[in-house]
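Participant: Read off the chains here:
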Amino acid sequence: MSVTPAIDTKAAANGSKRKKSLVELLFEGRAFFALIAIVVVFSLMSPNYFTVSNFLIMASHVAIFGLLAIGMLLVILNGGIDLSVGSTLGLAGVVAGFLMQGVVLPQLGVILYPSVWVVVILTCLLGAVVGAVNGVLIAYLRVPAFVATLGVLYVARGIALLMTNGLTYNNLGGRPELGNTGFDWLGFNRLGGVPIGVIVLLAFAVVCHILLTRTAFGRWLYASGGNERAAELSGVPVRRVKIAVYVLSGICAAVAGLVLSSQLTSAGPTAGTTYELTAIAAVVIGGAALTGGRGTVIGTMLGAFVIGFLSDGLVIIGVSAYWQTVFTGAVIVTAVLLNSIKYARR
Amino acid sequence: MSALAETAQKGEVVLAARNVAKSYGNVHALKGVNFDIHRGQVTTLFGENGAGKSTLMKILSGVVQPTSGEIVLDGEAIAFASSSQARDRGISIIHQELSLAPNMNVRDNIFMGREIMTATGVDFAEEERQTRLLMEELEEDIDPLTPVEDLRLGQQQIVEIARALSVNSRILIMDEPTSALSASEVDVLFKVIRDLTNRGVSIVYISHHLEEALQITNHAVVLRDGTMTAYAERKDIDLEWIVRHMVGENFDLGSPPSGYDKGDVALSIEGLTVPDPGGADYSVVDGLSLSVRAGEIVCIYGLMGAGRTELLETVAGRLKPSSGSVKLKGRDVTGQSIAGCIRDGLVLVPEDRQRDGLVQTMTVGRNLSLASLGAFTRGLFTSAARELDLVGDAIRKVHIKTDGGDAAIGSLSGGNQQKVVIGKMLATNPEVILLDEPSRGIDIGAKAEVFKLLAERAKQGLAVVYTTSEVGECISIAHRIIVMRRGRISAEFGPDVTKEQIMAASGEAVHAH
Chain G
1 MSVTPAIDTK AAANGSKRKK SLVELLFEGR AFFALIAIVV VFSLMSPNYF TVSNFLIMAS
61 HVAIFGLLAI GMLLVILNGG IDLSVGSTLG LAGVVAGFLM QGVVLPQLGV ILYPSVWVVV
121 ILTCLLGAVV GAVNGVLIAY LRVPAFVATL GVLYVARGIA LLMTNGLTYN NLGGRPELGN
181 TGFDWLGFNR LGGVPIGVIV LLAFAVVCHI LLTRTAFGRW LYASGGNERA AELSGVPVRR
241 VKIAVYVLSG ICAAVAGLVL SSQLTSAGPT AGTTYELTAI AAVVIGGAAL TGGRGTVIGT
301 MLGAFVIGFL SDGLVIIGVS AYWQTVFTGA VIVTAVLLNS IKYARR
Chain X
1 MSALAETAQK GEVVLAARNV AKSYGNVHAL KGVNFDIHRG QVTTLFGENG AGKSTLMKIL
61 SGVVQPTSGE IVLDGEAIAF ASSSQARDRG ISIIHQELSL APNMNVRDNI FMGREIMTAT
121 GVDFAEEERQ TRLLMEELEE DIDPLTPVED LRLGQQQIVE IARALSVNSR ILIMDEPTSA
181 LSASEVDVLF KVIRDLTNRG VSIVYISHHL EEALQITNHA VVLRDGTMTA YAERKDIDLE
241 WIVRHMVGEN FDLGSPPSGY DKGDVALSIE GLTVPDPGGA DYSVVDGLSL SVRAGEIVCI
301 YGLMGAGRTE LLETVAGRLK PSSGSVKLKG RDVTGQSIAG CIRDGLVLVP EDRQRDGLVQ
361 TMTVGRNLSL ASLGAFTRGL FTSAARELDL VGDAIRKVHI KTDGGDAAIG SLSGGNQQKV
421 VIGKMLATNP EVILLDEPSR GIDIGAKAEV FKLLAERAKQ GLAVVYTTSE VGECISIAHR
481 IIVMRRGRIS AEFGPDVTKE QIMAASGEAV HAH
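Chain order of the listed sequences is G and X.
Numbering follows the UniProt record's numbering, with no gaps: position 237 of the first sequence is 237.
Numbering follows the UniProt record's numbering, with no gaps: position 184 of the second sequence is 184.
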């Protein structure tokens with residue numbers, strides 16, 4: 001019962017009868033077992049932890065980081081890093097809020113109230129544009145990913161602050177007579193008891209998993225992350241792949257921004273500060289290599305749930321926020337330590 | 001050092017390898033080599049790529065440990081745990097790729113890692129004084145405070161030598177020291193070498209420029225395929241002797257395939273000129289024209305820097321030519337992207353398989369299928385079953401020894417890794433295949449297999465162009481042998497050419513500069 005499908009197929013294809021030792025099994029599925037351990041420990045410590053309603057609440061918290069982490073995984077598989085996702089999340093929320101308040105067109109003397117679907121699409125487009133800026137800077141202008149996305153981090157955050165003058169858009173519920181209600185649907189509604197945000201996360205995870213495992217693009221991404229020169233000489237359009245991953249990461253951040261501002265029914269310009277670090281942590285805990293070419297969606301999802309369930313668990317049993325930070329850091333370092341042991345063995 | 005020279009008799013054996021063997025997994029890089037280094041004399045190691053020269057040098061200088069056998073220093077068996085231990089005993093190595101920090105100055109490079117310390121920090125004044133002394137000794141006018149990146153390559157080499165001397169090295173190993181030097185720099189280097197030997201320093205010299213090495217050496221040792229095939233003193237040998245022992249007389253890499261009609265011209269290169277990718281103002285390929293027919297095998301021979309790699313990379317779409325054209329079956333493909341060239345049937349197997357050929361993070365199968373993803377993608381999705389067929393097919397056709405497509409790339413031997421790179425490109429069903437040094441770093445058996453495979457595919461109508469820097473590989477399966485020198489074709493031969501003729505045309509057998 002190993003965790004990632006890649007390992008399953010590997011074992012099956014080898015056709016070897018020998019069983020993996022317990023240590024190996026624990027090691028391969030370390031993110032999965034860490035998650036189980038977290039759930040067991042907190043369930044023993046608090047009766048409120050192991051309940052359906054608590055799991056759903058925790059999952060809707062995870063949805064935000066999870067969406068960012070999926071985009072981050074694509075970028076990290078490519079051998080890059082995207083520090084701008086937290087700011088993009090914040091900017092997306094602010095732009096959505098701005099559109100919901102109505103767009104004044106002074107020349108025509110009218111105020112446009114775009115419907116929620118238009119707002120969602122425009123916000124996703126914004127995320128794509130921010131990602132495209134990252135991608136072009138990195139792929140064509142050869143700016144190191146770390147620096148390019150660090151710059152965009154500041155620019156996006158600055159624009160969000162400028163747009164709101166530092167204030168927050170409240171009351172994003174819309175009004176029936178203007179025909180723009182429904183923004184809170186993403187954050188509050190449930191389908192079969194499951195919060196929409198969680199469903200969005202699962203949908204993104206499934207699509208991304210298929211993208212990585214069943215399409216030529218996925219293969220291009222793994223190849224160019226593993227060895228860009230070899231990929232290029234094999235005919236992989238490495239620059240287009242690079243731009244695509246940053247665009248997808250930007251879209252993921254925009255969707256996360258929509259879900260978050262919908263959950264809060266308000267959009268603040270400082271939302272999502274330092275979330276990029278949590279997203280990177282989730283990807284790393286999920287077993288991806290920061291050097292590129294290795295990592296899976298399932299691993300990343302486990303990583304996101306490990307971080308989310310751990311910090312919510314600490315809140316439930318009443319551990320101070322300061323200790324939560326210390327625990328999260330320890331988990332990240334341990335994960336990277338295990339990764340380096342794993343990749344060194346090859 | 002002068003004291004050493006006086007007390008010890010010149011010519012006695014200072015360092016010796018006794019029955020030294022080294023294996024990397026199943027690859028036997030060295031198979032029991034005996035080798036002497038004489039005090040105050042130059043010993044040159046001759047051998048083709050992959051003959052084991054570098055491995056032997058790494059063992060002598062403590063970089064790697066031998067699997068069996070021993071190293072004898074001054075009559076006493078020793079084992080170096082690291083290169084710094086070897087350095088402490090007076091053995092230094094200057095690698096082909098210089099190991100200087102270009103951003104730091106000459107003084108800091110020479111004392112890197114063993115700075116002269118006082119109570120208040122590094123004694124820069126003393127370091128500078130010693131550096132000046134060293135430079136005077138070497139008769140080089142290099143200021144100790146010059147950043148290394150501002151020095152010419154030849155001067156950088158001198159700095160490396162100065163660094164080796166500054167630790168009182170009495171045995172200096174030089175791996176291809178002249179490959180990047182100009183003629184006048186080579187003269188300076190040789191003068192330095194003569195001075196050093198007069199002072200009792202022993203030199204081990206490795207070079208592909210045979211004639212040049214013969215000028216300086218006292219002893220010649222020839223390695224082939226991990227064993228020492230010949231030893232002689234300078235006065236007893238000539239160029240022909242070296243080539244004969246280097247290449248071997250009996251080894252057969254096949255002959256040009258025959259018994260079929262070659263097709264029309266598949267690849268035609270017209271007046272191709274490529275500027276130096278590094279930005280220097282000369283052309284690495286200079287107005288070169290060549291045409292290759294379907295079913296024909298063409299070998300391009302040339303020394304390092306002759307422009308072979310740049311020629312192939314330009315034809316395959318990686319570099320852009322400044323003028324000239326490339327036509328594939330009469331269709332102009334000049335300046336087309338790599339992906340476009342692959343689609344049209346023009347593929348390149350790059351020289352450095354680790355850097356340019358393989359994706360180490362992916363399995364054997366995924367590497368093999370990487371260039372032909374389109375062949376098993378239907379609509380949006382790849383088909384696992386079709387990919388499995390393609391991979392299985394490639395493994396069979398190219399004879400890759402592997403546990404299957406799911407094996408890790410790192411589990412394969414060098415020869416089999418090379419076959420993966422070739423198999424990946426053959427899986428695209430090309431019309432023309434370009435191979436840049438396909439035999440580099442693989443053992444002789446794998447070489448023969450690769451050549452046999454290419455001959456078979458040529459019979460089926462594939463046009464094959466391969467480069468090599470080993471003369472023996474020219475006279476094998478190639479129908480035509482092209483010799484390149486400084487970006488141009490300097491000679492063209494049929495398969496009945498001799499090794500000496502090829503070497504003369506490349507500028508190797510005459511003085512190279």
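Source of the hints: derived by calculation from the structure; they are not laboratory data.
Treat the hints with care, since some could be wrong.
Stated by the list, open to error - Per label pair, the in silico range of CB-to-CB distance: (1) X:L153 x G:L141: 52 to 62 Å; (2) G:V147 x X:S383: 35 to 45 Å; (3) X:S337 x G:L277: 34 to 44 Å; (4) G:S340 x X:Y260: 18 to 28 Å.
Just so it is clear, CB atoms sit at the ideal spot from N, CA and C, and this is done for glycine as well.
Participant: Each hint needs a verdict: does it hold in this structure or not?
Facilitator: Each hint tested on the structure:
Taking 52 to 62 Å as the suggested C-beta distance range, the pair L153 (chain X) and L141 (chain G) does not conform, at roughly 31 Å. Restraint check, V147 (chain G) to S383 (chain X): a C-beta distance of roughly 40 Å satisfies the suggested window 35 to 45 Å. Between S337 (chain X) and L277 (chain G) the CB atoms are about 38 Å apart, so this pair conforms to the stated range of 34 to 44 Å. Separation of S340 (chain G) from Y260 (chain X) is about 55 Å and departs from the stated range, judged on CB atoms against 18 to 28 Å.
Violation of the numbered hints given earlier is confined to hints 1 and 4; the remaining hints are satisfied by the structure.
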